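Q: All residue numbers for the sequence shown refer to the working numbering, where the first residue is 60 and numbers rise by one.
I should point out that these hints are in silico values taken from the structure, not numbers from a laboratory.
Quick caveat: nothing in here was measured; it's all calculated off a predicted structure.
Careful, some of the hints might be misleading.
[What the hints assert, rightly or not] Below, in silico cross-link-like pairs of lysine to aspartate or glutamate (EDC-like), each with a Cα-Cα straight-line distance of 16 Å or less:
hint : residue 1 : residue 2
1    : 67        : 436
2    : 203       : 190
3    : 203       : 193
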Amino acid sequence: MRPIIQDKLILLPARFSGAWTARPSKSQLHRLMLLAACAGGESSIHIGARPLNRDNQLLLSALGEMGLCAYAIRGEQLHIDGRHKRPAWRPRLDCGQGAAVLRLLLPLVLHFCGGAEFVCAPELLRRPHLELLEALRGGGAEYKTGERSLSVSGELSGGCYRLSGSGSSQFASALLLALPFVEQPSRIEFAAPPQSRPYIEMTIAALRLAGITDVSFDERSIAMAGGAQAHGFAARAEGDHSHAANFIVAAALGGDISIAGLDERSLQGDRVITLLLREMGADCAYRDGLLRVRGGRELRGIDVDMRHTPDLLPPLAIAAAAAQGPSRFHQAGRLRDKESDRLSATAAAINALGGRAAVEGDSLLIAGGGLSGGSVDGCGDHRVVMAAAIAAAACMRALTLSDAAAVHKSAPEFWQDYQQLGGRIVYGQSMGK
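Given only the sequences and the hints, what does the whole structure look like? Please build it.
A: Listed below in structure tokens is the structure:
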């Protein structure tokens with residue numbers, strides 16, 4: 060099977076079927092790796108046989124560069140030896156395009172390193188980080204931005220940090236993963252109930268795994284004691300529901316896929332993908348540790364609040380475009396601040412494939428009725444690219460897709476899995492990106 064090295068691919072109509080194992084959750088791995096690096100002693104995280112994606116690699120490298128840990132992958136285990144050695148220099152950390160990498164590290168480098176310089180892709184610096192930076196400045200830190208860098212300096216202190224609640228949940232998770240280590244107690248207050256709440260709950264669960272239990276979370280605040288000492292732990296990374304959603308939708312569009320590695324009771328908010336597809340009429344069921352998704356049933360339109368599960372919008376939108384009847388995805392405005400304006404990019408992809416979609420305010424409206432085929436701009440966005448790719452299950456003719464290599468951000472083996480499950484690729488000419 061040919062490795063995917065081109066940026067432009069032609070995808071033929073396909074039926075997706077077979078057995079597949081979900082890759083480890085990028086979001087959960089971020090949290091586990093960070094806490095293992097901060098812990099005293101060694102931690103072991105089962106990551107399976109798949110390679111770490113680009114964002115997980117960047118975070119792990121940064122933790123090593125900060126002097127916090129040594130690490131090694133042996134077989135299917137990631138071993139992290141937390142050392143708590145504050146470097147004599149301000150580290151220079153590569154974040155690439157990883158918004159979570161940058162945000163989760165910002166408070167941590169203040170506490171353990173007194174600051175750092177982050178090297179960032181230009182598109183990462185265009186994404187919204189100001190709310191977190193201003194919260195840190197309120198605690199005594201300083202920051203400055205350059206053309207391809209962001210620098211912070213100062214010490215992380217305890218006290219009260221205020222967030223809007225309407226911004227990224229990564230702001231709260233970043234503070235949560237660092238503030239327990241300062242000596243003073245801390246509190247995060249939200250002006251409105253926080254969005255993507257399941258990701259905050261995932262962070263608290265990771266803290267508890269590392270022995271940090273004095274954390275309380277209610278509708279408008281998070282309180283935590285200071286002076287925490289994390290300990291080493293053993294964990295098994297869950298399968299990634301956000302990534303698996305693409306192949307779950309592909310199966311619902313006329314295929315038959317059995318998926319291993321997903322926890323039906325996971326704290327990941329995106330586990331609701333199966334509930335939403337059932338509401339649309341799909342056949343999705345867990346049995347004996349496997350999720351089986353079968354197509355063949357006509358899907359119907361759906362009305363969904365995307366406030367807590369924004370990453371599900373691109374694949375769900377493809378299912379909606381193939382369904383009978385209209386769909387509405389609302390409270391989706393934060394998708395404008397992803398690797399692309401993901402709200403508009405998803406609408407443009409559906410329209411390019413012969414469907415009918417429109418953005419109205421913070422909502423995406425999709426008429427339903429099917430897709431034909433066409434040419435889609437992947438917008439350099441891994442989730443737009445993957446969702447457009449599985450649209451081949453609903454198209455009547457070929458689709459041409461740009462930015463195929465963008466998938467390496469979250470799933471470097473995506474195209475190999477795509478072909479193994481029945482995806483059909485004709486190799487076009489490279490776009491030279």
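Q: Hints first: check each against the structure and report whether it holds.
A: Hints and how they fare:
1. Distance restraint check for residue 67 and residue 436: the Cα-Cα separation of roughly 10 Å lies within the 16 Å cut-off, and the hinted pair is therefore satisfied.
2. About 14 Å separates the Cα atoms of residue 203 and residue 190, which keeps this hinted pair within 16 Å; it holds.
3. Note on residue 203 and residue 193: the hinted pairing holds, with a Cα-Cα distance of about 11 Å set against a maximum of 16 Å.
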